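Asker: Residue numbers (the working numbering), protein chains in the order written: chain A, 10 to 329; chain B, 10 to 329.
FYI, nobody ran anything at the bench for these hints, they're computed from the structure. All the pointers check out, no bait thrown in.
One copy or any two copies: either way a pair holds, since identical chains are not told apart in the list.
Simulated crosslink set (DSS-like; lysine-lysine; CA at most 25 Å straight-line):
#: 1; residue 1: LYS310; residue 2: LYS278
#: 2; residue 1: LYS278; residue 2: LYS314
#: 3; residue 1: LYS154; residue 2: LYS169
#: 4; residue 1: LYS319; residue 2: LYS256
#: 5; residue 1: LYS314; residue 2: LYS40
#: 6; residue 1: LYS202; residue 2: LYS154
#: 7; residue 1: LYS319; residue 2: LYS90
#: 8; residue 1: LYS61; residue 2: LYS82
From a predicted model like this one, the values you see are computed outputs, not experimental measurements.
Number of protein chains: 2
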Amino acid sequence: MYRPQIKVVDCTIRDGGLMNNSKFSMEAVRKVYKAVCDAGVDIVELGYRNSKKMFSVNEYGLWRFCDEESLRKATEGIDSKGTKLAVMQDSHKAFAEDLLPKKESVVDIVRVATYVKDIDKAIKLVNNANKLGYETTINIMSVSKALDRELDEALDQIEKETKIMACYIVDSYGALYSEDMDFYVDKFKKHLKNKEIGVHCHNQQQLGFANTIAGIIRGANYLDATLYGLGRAAGNCPLELLIGFLKNPKFDIRPLLDVISDTILPMEKDIRWGYSIPYMVGGILNRHPEAAMTLMNMDDKNPDKLNFRKFYDNLTENEV
Amino acid sequence: MYRPQIKVVDCTIRDGGLMNNSKFSMEAVRKVYKAVCDAGVDIVELGYRNSKKMFSVNEYGLWRFCDEESLRKATEGIDSKGTKLAVMQDSHKAFAEDLLPKKESVVDIVRVATYVKDIDKAIKLVNNANKLGYETTINIMSVSKALDRELDEALDQIEKETKIMACYIVDSYGALYSEDMDFYVDKFKKHLKNKEIGVHCHNQQQLGFANTIAGIIRGANYLDATLYGLGRAAGNCPLELLIGFLKNPKFDIRPLLDVISDTILPMEKDIRWGYSIPYMVGGILNRHPEAAMTLMNMDDKNPDKLNFRKFYDNLTENEV
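Construct all of the structure, not just a fragment, from the sequences and the given hints.
Answerer: Right, dumping it as structure tokens:
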């Protein structure tokens, strides 16, 4: 048995891009795109469509901007087999004019990531995208730090003022437990009568996959995942685990195994993602991974790098 | 809020010993023992009390046998702060005569690991241990492969014929999902009216910690975990995550952070545990990790080592 409404979204290149300033080679992006299409994944997100006014093209790679030309090069000659193409806009780092009309674009879906405080910017962006002909989602980041009354108000606005397909619970800090997933899915469903619920989970506490399952059981139908968990800090729900769990026979795990072997694992030379003690400490204390990433990036000779007790004590002393 | 009945068991040296033939240095074992005691963990298992007739003392380290002398060296001069000392006997690799009377031993608890088919051997061992004055548990391995009618019969025997404190659900293959944990905890509780339920979870699918939480929610009170997840194949539920989750103020996570930094992380040079694609494939297909461990231990130049598709296809073709 499976639920046909479920949509699996691969966001390897988009979320992984937070670990390398979106500097993936064209070859790597083409391989990921082909594998994900061959595996029958519903949606693939190839990066951000953020503004060049907000990010330097010298410091950031192609996949922070996802120009139409880059996306065409990444996808041409590859049979999508029905997999839709998504890009993400950050509500505070992208502008309406960054989008072309849908008929001039290879993009199908625009996902807008936002903090609760920027919800009006997000609503403006999704309404613009809908008007241009795209399907849309809103992804509410750092939900574990949102105040209930502000989150409730934002959800009511989304329900009334937008035509998005789905609204996401984004556990940016990897801080949620399964009981929290239940709480947030129930809350989102209560406020959003006409939208699907999505879940985007991080792995600071090795709960990315488990919390995605918890979301499925509670009714979420949009599920984000990345190849081998590649993503910010401790990474994401691993796509190969999610496909192994879902029973829809349209999925084929084997192209994912291939691309993990030939394209993702070699990236471990340059990018360090996955479970580690600093990320774990951030997760259990419900903190942005920035402090832990700074520790992880310290020179190996710096004795603070392995002084996890000091890191823990510092974080607990400075509650934010 | 927390449940005072919960007992946390550190089995780092015992389960980790499956990755290095139990060859830990005395210094490492003393550091682990001290940290776990300082952290307020209820029980620490320092290895197997298996028979020298079944394992060669030339091939296996001290912690496969846990002679009284070794255990005294590992613990002397360290304040246990109430942490109890456990050893494990394998029902098919240990004998009753391997135990001294409790009053001549530093051991408090004997845990007997068994497959369902060896349940009579396990019952003989725990009854012997109880008679000698120890507390006991039975840990049912590979539960995900057990046939229901055989498992039910074994549980009924345990209920009627033993005085163990707890009976464990051991997910040796890392194959269970949260709904399976619910199923097994309910089954164990139905048959075992007078024993606590334990959970020992593996991480092939990154669900070791999540399934331990699922067990807690369903009523399991004996919880196995290891430092940084060190254990067979993909490893175990990480102790530091479990302590972060449990709210009992008697626990202190900081000694665990210290020992992970100074003793466990350096072991990564010699032992490779944790999530990887071969283990994941074994987990989703409900297989013993042996085949995946063979692949992981292949020479790096062997092209089969990274041919995950072939490994997956081989395992799916040979259903066992």
